[in-house]
Each structure stands twice: as C-alpha cells, then as structure tokens.
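K.L.:
Sequences listed follow chains D and Z, in order.
Just so we're aligned: 586 in my numbering is position 150 of the first sequence, and the numbers increase by one with no gaps anywhere.
Just so we're aligned: 132 in my numbering is position 15 of the second sequence, and the numbers increase by one with no gaps anywhere.
Possibly wrong hints are sitting among the right ones.
[As the list claims (entries may be wrong)] Reference excerpt, derived from the structure (chain D facing chain Z, CB under 7 Å, subset only): (1) Leu566; (2) Thr601; (3) Arg603; (4) Ala607; (5) Gln610; (6) Val614; (7) Leu618; (8) Gly619; (9) Arg624; (10) Leu627.
FYI, nobody ran anything at the bench for these hints, they're computed from the structure.
Just so it is clear, CB atoms sit at the ideal spot from N, CA and C, and this is done for glycine as well.
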Amino acid sequence: MTDFLQLLISGLATGAIYALAAIGFTLLWQTSQTINFAQGEFVMVPAFLALIAMRWFGVPFVASLVLAILASMLLLGVAFRYIIVGPLIRRGVLPLVISTIALSILLKESVKDFYSAEAQTFPTLLPDTLITVAGVSVSLAQLGVLAVALVTIVLLQWFLAGTRTGRQMQATAQNPTVARILGVPVERMILYTFLINAALAAMASLLVSPIYLAKFSNGETLGLIAFVAAIVGGFNQVRGAIAGGLLIGVLDNLAAAYVSTAYRQAIPLILLVLVILFRPQGLLGRKEERAV
Amino acid sequence: MASNTEAILTLDSVVAGYGKMTILNGVSAAIRRGAITTVIGPNGAGKSTLFKTVFGLLGVRTGRVTFDGADTTSFEPRRMLDAGMCYVPQGRNLFPELSVRHNLELGGVALSDTSRLAGRMDEMMARFPMLREKADAQASTLSGGQQKLLEVARGLLLEPKLMLIDEPSIGLSPLMVQEVFSILKDLRSAGVSILMIEQNARQALAISDYGLVLEQGQTRIEDTAQSILADPRIAQLFLGGGLAPATEEKSR
C-alpha cells in the first residue's frame with residue numbers, strides 16, 4: 437500500500453508536467469485550429485534557454501528560470517504566432533501541421549548543433565531529500581514539482597473561468613465569429629493563448645529537466661505524451677488535458693512498477709487506442725459541432 | 118408608399134461577396150428609425166450577406182453604408198457596436214460551455230464604461246426573468262427559445278439603436294415564435310429600430326412596418342409591410358401561397 441502511494445505521488449508529479457504540456461495543446465487547437473507537432477520541442481527548448489543564461493552568461497539560477505520563461509513566451513509564443521501560424525493558417529490546417537513538424541526538427545537540430553548533443557544535468561529548486569509521512573517516503577523535489585504544476589493549473593483555470601479576459605478567451609475558443617460580433621478582440625485573445633501555451637511549456641520544461649535531464653531529443657516522447665493526454669482527456673477541453681496528463685503519468689508509473697518497464701512506453705498508446713475506439717470525444721470532451 | 122420618417126440605416130449601391138463570388142449587386146435601401154423592417158427574398162438573394170456586410174464582418178467592395186448619420190462603410194464589427202448597432206445571427210450563437218450569466222456578460226465586452234456592466238445585466242435579468250432563474254446553468258442546457266431570448270438580451274446589453282436579427286424563428290415552436298415577435302414589438306416601442314430576416318415572412322410582415330424584398334443581390338421592392346403583404350406577385354413568389362413555412366431546425 438505504501439508502495440502504491442509512493443508510485444501514485446510520483447505518477448501525479450510527472451502527470452502534472454504532462455498536463456502542463458497538454459493544456460497548451462488544447463488551447464492552441466481551440467482558439468486557432470493549430471495542432472502543434474512541435475509541442476514536445478516547446479517543452480525541450482526552455483531548459484536550454486535557462487542553461488544558456490546560466491552557463492554562457494553567468495545569470496543566477498532563479499533569474500535564469502524567469503528569463504527562460506520570458507524568452508519562451510517571446511520565441512515560442514509571439515514569434516510562433518506571427519511568423520509561422522499567422523501566414524500559414526490561411527492556407528488550411530494541413531500546411532500548418534507540416535510546418536510545425538518542420539519546426540520541431542529545426543528546434544531539435546538547432547539545440548543539438550548549437551548547444552550539445554549530450555544530456556545536460558539541470559539544477560532543481562528543491563533538494564532531493566526524502567521525507568517520510570506515515571510510512572510513505574517521497575522526495576521533496578517530487579512534491580515541489582507536483583505543487584508548482586498544480587498551482588499553475590489552478591491559476592490558469594481561475595484565469596480562464598474567473599476573469600473577464602479569461603472568459604473572452606473561452607468565448608473565442610468556443611465560437612470566434614460570435615465573439616467578434618460581440619466586440620471581443622479575437623486577435624488579441626488568440627495571441628494570449630499562444631503566450632500561455634509557451635509559458636506552460638516552459639514551466640513543464642523547467643520541472644521535467646531536473647528529473648530526466650535536458651536533452652535535444654526529449655521532445656519526441658514529451659510531445660507524443662502531451663498529444664495523447666490531450667486526446668484521451670478530450671481535445672476541446674482544458675480540464676480534459678489535465679485529466680489526461682495526470683492519468684497517463686499515474687498509469688505509466690504503476691505499469692513500470694507492477695507490469696514491466698518495457699511496457700511503460702506502451703501505456704499512453706494503449707490508452708489512446710481504447711479512447712479512440714470507445715469514447716472518441718475523449719474522457720471529458722464534448723462532441724465537436726463546428727459551423728462550416 | 119413609405120412614410121417620410123427618417124432613415125437610421127442607408128445603403129447606397131452596395132456591392133459585396135465572398136472571394137470571386139459577388140452576392141450583393143448594388144443594394145440600395147433606406148431603413149426607417151423606430152420601425153421594424155423585414156427583409157424577404159428567395160434563398161441566395163443575399164439577405165444574410167446584407168447583414169454581414171452592414172455589420173462589417175464582410176467588406177464593402179463599392180457603395181456606401183450610412184448608419185445613424187455616420188459613414189460606416191469601412192467599419193469593423195467593434196466600431197459598429199460602438200456606433201449603436203447589434204447583430205444576432207442565424208442559428209445558435211451562444212457559448213455552450215459558459216453559464217447564462219457569462220454569456221450575457223459577453224454582450225457587454227464593448228461597453229466603454231465597464232462599471233455599467235453589472236447594472237445593465239441586472240436590467241436584462243429583470244426584463245427576462247428566465248435569465249435570472251437560469252443564471253448559473255450552462256447555456257447549452259437552455260431550450261431553443263430560451264437560447265434565442267438570451268441572444269437578444271445579450272445584443273441589447275449595449276443599448277443599441279438598431280438590431281439586426283437573422284431568422285429568429287428558426288427551430289422554435291410556434292408559441293416561442295410568438296414570444297420572440299412580441300419582444301421585438303416591445304423593443305420597437307422602446308425606440309429600438311429592428312431589421313429582421315425571416316423565412317416566416319407572412320408572420321414577420323404582420324408585425325413589421327416596412328418590408329424589403331431582395332432578389333439576386335438587389336432591392337426589388339421597398340415598401341410598407343402592408344402593401345407587400347397585399348401584393349399578389351409577392352405573395353406568389355415569396356410568401357409560399359399562404360402555407361405556413363416549415364419551422365424545422367436548419368443546421369448550419
């Protein structure tokens with residue numbers, strides 16, 4: 437039982453990171469029909485931005501994290517929106533999908549060529565000391581990851597549901613034409629989702645890199661898991677992405693412990709197949725009724 | 118024989134369309150202040166396109182639109198709202214996952230003075246008590262008629278001078294159609310001008326002051342609603358020979 441609890445907590449911690457990456461995925465899809473196949477690289481790059489700040493320019497650790505988030509919002513948010521998505525979305529979804537695949541290759545190769553092909557250690561905010569409560573021992577770092585990710589998610593949900601701007605973003609996602617008819621600044625709302633996506637991806641990056649090291653190829657797995665988490669939870673729902681991310685994190689940890697580590701990678705895919713077969717709109721998703 | 122009340126909206130040889138398609142081929146019309154005007158015409162005559170063009174969702178290629186004394190030809194929707202026009206499109210136009218209250222609140226996005234928002238929302242809820250009862254329900258749980266009421270209330274939040282409303286009766290029960298029409302009449306009494314598209318043409322003209330018959334993107338007839346109802350050619354062409362038009366849901 438204590439084993440199970442330990443696995444559950446560490447599963448939730450990684451799952452919360454997956455959720456961060458998956459939320460952005462669904463936000464971009466909802467507001468701008470962008471399926472971002474570079475999402476995994478969006479989670480890989482910010483750690484390297486922080487490493488560049490720390491190792492090349494000697495910026496202190498915490499300041500580097502802040503800089504990495506801000507630089508991500510600029511590069512993976514604003515620049516992505518206006519240089520890639522803006523011009524390409526007018527030509528349809530497919531050219532944009534292909535462009536994001538190209539972008540993922542560009543980001544991966546750039547990090548490999550300009551930084552390093554080796555996995556890089558990444559400092560953590562909290563030490564890896566074990567704390568034991570009622571026989572269950574978890575590392576402080578893991579609890580920290582879980583806490584930071586959950587607080588971020590709660591803040592995001594509060595912003596989307598509890599503020600007028602957030603509701604204008606939801607309106608833009610649910611029906612952009614009507615939002616425009618009511619005077620919602622639709623373009624600005626779309627830009628906000630790109631900024632939020634970049635910030636969440638950067639958070640995920642800074643949380644996952646101390647655990648799995650920072651490596652140029654990290655995005656391959658992370659992107660796939662984020663994509664699967666979004667589909668499993670329901671592509672058109674932020675809370676779906678959260679549920680999908682947490683579920684995959686937990687299942688993946690439990691499977692590694694109780695079944696076999698060899699099956700670990702298979703879990704998200706099995707889940708994906710089951711959901712597509714039996715509940716194609718996702719666990720929490722609603723069926724799409726798109727106006728033509 | 119249109120009376121000589123002042124026009125709130127004037128179209129002067131307006132040409133507009135999508136891509137290579139031209140839908141409006143030089144529409145001219147004068148919509149009277151303080152009146153209900155119904156636009157009728159066959160499918161593809163350009164009725165909805167006319168609304169989108171007037172409201173700035175679709176660009177005017179040539180011609181001129183004047184609203185409330187100002188040239189609004191090149192205005193975007195946001196500026197049309199500021200100028201005092203609102204637009205309730207055809208079909209379902211709510212945000213299904215937001216509550217009734219938040220749907221209503223989004224009608225006030227363009228309010229210049231946000232401190233007035235709460236007061237305006239209260240007024241709307243007092244006027245349509247159903248909105249207060251269901252304030253916290255998801256908009257998608259409302260019936261078709263309730264959804265239309267919410268859309269109208271949302272449009273009224275900015276105190277518009279002119280409401281464009283496209284096919285309000287679609288998908289509604291006959292009783293609900295009566296209710297929506299009576300709300301439009303109340304609005305007219307309160308001084309709001311209304312320009313409506315309605316396939317339920319006979320019923321709509323019966324509550325209207327004026328009618329506008331569009332055909333192939335041009336104004337065919339512009340007259341009082343009564344004369345249009347009495348015109349035998351129009352009855353044959355557009356009013357479906359007295360049979361009640363189908364009211365089934367038109368999916369879009």
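K.L.:
Hint validation: arginine 624 (chain D) versus chain Z, beta carbon distance must be below 7 Å. Holds or violated?
P.N.:
11 Å, violated
K.L.:
Can leucine 627 (chain D) be said to touch chain Z, with a Cβ gap under 7 Å?
P.N.:
16 Å, violated
K.L.:
Are leucine 566 (chain D) and chain Z close enough, Cβ to Cβ, to be under 7 Å, as the hint says?
P.N.:
Since the shortest Cβ distance to chain Z is 42 Å, the answer is violated.
K.L.:
Does threonine 601 (chain D) pass the interface check with chain Z, least Cβ-Cβ distance below 7 Å?
P.N.:
10 Å, violated
K.L.:
Using 7 Å as the Cβ threshold, decide whether valine 614 (chain D) counts as touching chain Z.
P.N.:
Interface hint status for valine 614 (chain D): holds (5 Å vs cutoff 7 Å).
K.L.:
Double-check leucine 618 (chain D) for me: the hint is only fine if its C-beta lies closer than 7 Å to a C-beta in chain Z.
P.N.:
At 5 Å from the nearest chain Z Cβ, leucine 618 (chain D) passes the 7 Å test, so the hint holds.
K.L.:
Can the hint on alanine 607 (chain D) be confirmed by a CB-to-CB distance to chain Z that is less than 7 Å?
P.N.:
5 Å, holds
K.L.:
Using the nearest Cβ pair, does glutamine 610 (chain D) come within less than 7 Å of chain Z?
P.N.:
4 Å, holds
K.L.:
Identify whether the interface hint at glycine 619 (chain D) stands, where standing means a beta carbon of chain Z within less than 7 Å of its own.
P.N.:
Status holds, d = 3 Å.
K.L.:
Quick one, is the arginine 603 (chain D) hint okay against chain Z at 7 Å, beta carbons?
P.N.:
At about 5 Å, which falls below the 7 Å cut-off, the nearest Cβ of chain Z leaves the hint on arginine 603 (chain D) intact, so it holds.
In terms of the numbered hints stated before, the structure departs from hints 1, 2, 9 and 10, listed from lowest to highest.
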